[in-house]
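Modelling step: build the complete structure from the supplied sequences, incorporating the hints.
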Amino acid sequence: GEDVEQSLFLSVREGDSSVINCTYTDSSSTYLYWYKQEPGAGLQLLTYIFSNMDMKQDQRLTVLLNKKDKHLSLRIADTQTGDSAIYFCAENPNTGNQFYFGTGTSLTVIP
Amino acid sequence: EADIYQTPRYLVIGTGKKITLECSQTMGHDKMYWYQQDPGMELHLIHYSYGVNSTEKGDLSSESTVSRIRTEHFPLTLESARPSHTSQYLCASSDYKNTEAFFGQGTRLTVV
Numbered sequence: 001g002e003d004v005e006q007s008l009f010l011s012v013r014e015g016d017s018s019v020i021n022c023t024y025t026d027s028s029s030t031y032l033y034w035y036k037q038e039p040g041a042g043l044q045l046l047t048y049i050f051s052n053m054d055m056k057q058d059q060r061l062t063v064l065l066n067k068k069d070k071h072l073s074l075r076i077a078d079t080q081t082g083d084s085a086i087y088f089c090a091e092n093p094n095t096g097n098q099f100y101f102g103t104g105t106s107l108t109v110i111p
Numbered sequence: 001e002a003d004i005y006q007t008p009r010y011l012v013i014g015t016g017k018k019i020t021l022e023c024s025q026t027m028g029h030d031k032m033y034w035y036q037q038d039p040g041m042e043l044h045l046i047h048y049s050y051g052v053n054s055t056e057k058g059d060l061s062s063e064s065t066v067s068r069i070r071t072e073h074f075p076l077t078l079e080s081a082r083p084s085h086t087s088q089y090l091c092a093s094s095d096y097k098n099t100e101a102f103f104g105q106g107t108r109l110t111v112v
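Chains A and B supply the protein sequences, listed in that same order. For what it's worth, my numbering labels the leading residue of the first sequence as 1, then goes sequentially. For what it's worth, my numbering labels the leading residue of the second sequence as 1, then goes sequentially.
Treat the hints as calculated values from the structure; they're not laboratory data. Fair warning: there could be bad hints in the mix.
As the list claims (entries may be wrong) - Examples of chain A residues lying across from chain B (beta carbon under 7 angstroms, computed):
| hint | residue |
| --- | --- |
| 1 | 42 |
| 2 | 98 |
| 3 | 99 |
| 4 | 101 |
Yeah, the Cβ is synthetic: ideal placement off N, Cα and C, and Gly gets one too.
Structural data, given as structure tokens:
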């Protein structure tokens, strides 16, 4: 399978920006995704970026894609306590059989 | 709004019991998936389906089986549950373009 790597934990203070990083292996991926999982719940799609884009902004969320380094990041501006959750990076290679998820980053927002 | 449902949300059963976890979606998606999520958060694909009468095993070996008799329904069955099956099971579906995967709320299974 594909390797999608993330750091496991991130703590930030309320109001600061959070940056969650992800590296992936398949350069043919068409779409790259960020999902959010709150305790006891399924995964909720936050945003995705098409592989021919470098950046996508959606309100407080900014996704940056560096295809050369196979690096994806999610920046959350003005982080709130409600943003505390686990964030998963995922890729969907052009083979299209499945989505490959990262290990998840647990974001803790300190009031 | 995603319309994919899993039942039950929580289940505690004894060792050796047969159980079926239900997953239904109303979006007409051809592709459906079952993921197992361990306590360390990582998701592992255990089964997927391209459409009716299509089922494939995922990357993680699992003693469970699945069926896909109808487009909207993708149940997962454990013939004889064991404590090692204790986990969260997440069902997902996507359209043929794989633009995104929609997830159910998950079933948290505990085998005692």
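- Task: Against the earlier hints, flag every one the structure doesn't satisfy and list their numbers going up.
- Result: none
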